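**Q** Letter by letter, the chains look like this.
There are 2 protein chains.
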Amino acid sequence: MNSTVQIIKNHRSIRNYLEKDIPEDVLQTVLEAAHAMPTSINGQQVSLVVVRDKDTRLNLARLCGGQPWVAKAAVFVLFVADFYKTSLAADLNKVKQVIHESAEGELVGFLDCGIAMGGMIIAAESLGLGIVPIGGIRKEAQSVIDLLGLPKYTFPVNGLCIGYPADLSQQKPRLPLATFIHYEKYQRSNLVEDIKAYDKQMVSYLEQINRSEEVNWSKNTSSVYQSVYFTNVITTLKDQGFTHKK
Amino acid sequence: MNSTVQIIKNHRSIRNYLEKDIPEDVLQTVLEAAHAMPTSINGQQVSLVVVRDKDTRLNLARLCGGQPWVAKAAVFVLFVADFYKTSLAADLNKVKQVIHESAEGELVGFLDCGIAMGGMIIAAESLGLGIVPIGGIRKEAQSVIDLLGLPKYTFPVNGLCIGYPADLSQQKPRLPLATFIHYEKYQRSNLVEDIKAYDKQMVSYLEQINRSEEVNWSKNTSSVYQSVYFTNVITTLKDQGFTHKK
Numbered sequence: 382m383n384s385t386v387q388i389i390k391n392h393r394s395i396r397n398y399l400e401k402d403i404p405e406d407v408l409q410t411v412l413e414a415a416h417a418m419p420t421s422i423n424g425q426q427v428s429l430v431v432v433r434d435k436d437t438r439l440n441l442a443r444l445c446g447g448q449p450w451v452a453k454a455a456v457f458v459l460f461v462a463d464f465y466k467t468s469l470a471a472d473l474n475k476v477k478q479v480i481h482e483s484a485e486g487e488l489v490g491f492l493d494c495g496i497a498m499g500g501m502i503i504a505a506e507s508l509g510l511g512i513v514p515i516g517g518i519r520k521e522a523q524s525v526i527d528l529l530g531l532p533k534y535t536f537p538v539n540g541l542c543i544g545y546p547a548d549l550s551q552q553k554p555r556l557p558l559a560t561f562i563h564y565e566k567y568q569r570s571n572l573v574e575d576i577k578a579y580d581k582q583m584v585s586y587l588e589q590i591n592r593s594e595e596v597n598w599s600k601n602t603s604s605v606y607q608s609v610y611f612t613n614v615i616t617t618l619k620d621q622g623f624t625h626k627k
Numbered sequence: 382m383n384s385t386v387q388i389i390k391n392h393r394s395i396r397n398y399l400e401k402d403i404p405e406d407v408l409q410t411v412l413e414a415a416h417a418m419p420t421s422i423n424g425q426q427v428s429l430v431v432v433r434d435k436d437t438r439l440n441l442a443r444l445c446g447g448q449p450w451v452a453k454a455a456v457f458v459l460f461v462a463d464f465y466k467t468s469l470a471a472d473l474n475k476v477k478q479v480i481h482e483s484a485e486g487e488l489v490g491f492l493d494c495g496i497a498m499g500g501m502i503i504a505a506e507s508l509g510l511g512i513v514p515i516g517g518i519r520k521e522a523q524s525v526i527d528l529l530g531l532p533k534y535t536f537p538v539n540g541l542c543i544g545y546p547a548d549l550s551q552q553k554p555r556l557p558l559a560t561f562i563h564y565e566k567y568q569r570s571n572l573v574e575d576i577k578a579y580d581k582q583m584v585s586y587l588e589q590i591n592r593s594e595e596v597n598w599s600k601n602t603s604s605v606y607q608s609v610y611f612t613n614v615i616t617t618l619k620d621q622g623f624t625h626k627k
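Protein sequences appear in the order of chains A and B.
Position 98, counted from 1, in the first sequence is what this note's numbering calls 479; the numbers after and before it change by one each time, with no gaps.
Position 109, counted from 1, in the second sequence is what this note's numbering calls 490; the numbers after and before it change by one each time, with no gaps.
Just chain A, same shape as in the assembly (with noise of 0.2 Å):
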C-alpha cells in the first residue's frame, strides 16, 4: 500500500474548516487534477465555477438547504455537466447537436463530473485539505443557475466544500465489502444478512461518536429514498435542454 492509495482508504467528509485560506498554487494544483481525468469520447463536457467571494457562498449554503459549510469552508467548487462547450463545437462546424436531449447525454455529463470530482478530492486530501461533496446544490438548481451564470445546456451536478480541517472526523464503516464487489456476476444471496450487521455495525459507532440518537443505515436510506427530495430536478433539466426524449 503505497501513499496514494493510504490517502483515499483514509478519507472522511470534512465539515468543519480552519479559518485559513488555501493558497493559490495549491487550489490550481487541486482544480488541474480535475481537469486530468479522463472524459466520455473526449468531450470533455464538464466545468468548474470556484466561489471564494462570501456572500455567493453565503447565498449557495441557503439554497443548499442550510449546509453552513459552503460558506465557512475556504473554497466552494461546483462541477457542472456542460453541453454548452459542445454546442459552440457544433456550431463551428454547422451541425445541431442532439446529445443533450437524450438519456446518454444527461448521464454522461454526470458521471463525467463524478470522474473529475474524485481527482480533486483525492488531489485535495493529499495536501492536507477535507472535503465533502454538496449533493444539496440540486435542491434549488434553478436559482444557482441564475446565481452563477450558467448557460443553456449545462446542469450544476454536485459541489465540494474544501478548506483545511479544524478537526479529523471518523471515518463511518462503508456496508461490507461482499455486498460491493461481485466476481463474475452480480451475487444477490447474503445481502439482507450483510445489510443487518452493517445496520447493527452502524448503531456501535452511531454510540461510540455520541449521534446514537440517529439511525441505522437501512432505516436512514429507505426513509431518504421513499420520496424525491430534490422535486425541481427533473424541470430544471429540462429548461436547461436536457428534455431525456431519445
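Derived from the structure by calculation, the hints contain no laboratory data.
Incorrect hints may appear among the rest.
With a straight-line cut-off of 30 Å between C-alpha atoms, the simulated DSS-like cross-links for lysine-lysine are [to be verified]:
1. A:553 with B:533
2. B:619 with A:520
3. B:533 with B:626
4. B:619 with A:627
5. A:533 with B:619
6. A:619 with B:566
7. A:520 with B:626
8. B:477 with B:619
9. A:390 with B:390
10. A:475 with B:553
11. A:600 with B:619
Negatives, chain B to chain A, calculated, CB over 12 Å [said to hold, decoys possible]:
12. 399
13. 400
14. 401
15. 443
16. 450
17. 452
18. 453
19. 455
20. 545
21. 546
22. 547
23. 548
24. 585
25. 589
26. 593
27. 594
What you are looking at is a predicted structure, and each value in this text was computed from that prediction instead of being measured.
Quick reminder that beta carbons are idealized off the backbone N, C-alpha and C, glycines included.
Once you've looked at the hints, dock chain B against the given chain A.
**A** Quick look at chain B alone, frame taken from chain A:
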C-alpha cells in the same frame, strides 16, 4: 506537487496491455479504493462486477461495439448504479422506495459511480497499472445486464479495463484550463476562441502521433453529438425501473 498529484496529472488511457496478471492483493487494493469514496446520503448505491473470465470478457468486448482491450486487459470492472441494495433496505423497513423513478435518483447513481471510478483509476495508476474507461458498456446495456445477472433497479454505468501497460501512450492535450475553470461565475466570453486554439493544437498532436487522418476536437465531438449513439439506454433504464418520471 506530491507523488499523488503527479500520478493524477500524468493520467492517460492505456489500451495496450502486457499479458500479465494482477496479483490478488494489488487488485483487492484497487477495488477497495473505490469502496472508500463518498456517496450521496451515504446511500452506497454503487456496486462493482469484477470480470476475469476470458469468455465473458470476449462477450463484453463485442457488446461494447468491438473493443478488444476489454478481453486483453487483465481485468474488466463494471461499475453499477445500484438501487437494488437500497430497495432491500426499504423492504427491511417496510417502506416503498421511489427514488429510482426520479431524475435525481438516476443521476446520483451515475454521479456516484463516477466518483468511485475516479478513486479506482488513481489507485490503479499509483500501483503501476494502466486503465481505460469503457462507456461502450451502455451500448447494449440489456445484454450486459443479462450476462452479468444484474437485478432490477441497477444499471451498468461504465466499465474499466485494468492491466499492466505494454507502452505508455502519449498524453492527449485538453481544452485550455480557462474553458474548464471559471472563477465566481461561468465565463462565456473567450470560449469560442479557446476552442479554435485547441482545435489547432489537436491537429498538431495528431500529426505528431501519426494519426493525422483524425479530425480536430470540435469536428470530432460535434460529429458524435449530432446523434444519440447509444439508442437503447433510455429503454433499458425504463425496463430496470429508472422511469425518470418525477
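**Q** Each hint needs a verdict: does it hold in this structure or not?
**A** Hint check:
no.: 1; hint: A:553 with B:533; result: 28 Å, holds
no.: 2; hint: B:619 with A:520; result: 24 Å, holds
no.: 3; hint: B:533 with B:626; result: 17 Å, holds
no.: 4; hint: B:619 with A:627; result: 12 Å, holds
no.: 5; hint: A:533 with B:619; result: 26 Å, holds
no.: 6; hint: A:619 with B:566; result: 22 Å, holds
no.: 7; hint: A:520 with B:626; result: 17 Å, holds
no.: 8; hint: B:477 with B:619; result: 18 Å, holds
no.: 9; hint: A:390 with B:390; result: 20 Å, holds
no.: 10; hint: A:475 with B:553; result: 25 Å, holds
no.: 11; hint: A:600 with B:619; result: 26 Å, holds
no.: 12; hint: 399; result: 20 Å, holds
no.: 13; hint: 400; result: 20 Å, holds
no.: 14; hint: 401; result: 19 Å, holds
no.: 15; hint: 443; result: 18 Å, holds
no.: 16; hint: 450; result: 14 Å, holds
no.: 17; hint: 452; result: 15 Å, holds
no.: 18; hint: 453; result: 18 Å, holds
no.: 19; hint: 455; result: 14 Å, holds
no.: 20; hint: 545; result: 16 Å, holds
no.: 21; hint: 546; result: 15 Å, holds
no.: 22; hint: 547; result: 19 Å, holds
no.: 23; hint: 548; result: 18 Å, holds
no.: 24; hint: 585; result: 16 Å, holds
no.: 25; hint: 589; result: 16 Å, holds
no.: 26; hint: 593; result: 17 Å, holds
no.: 27; hint: 594; result: 16 Å, holds
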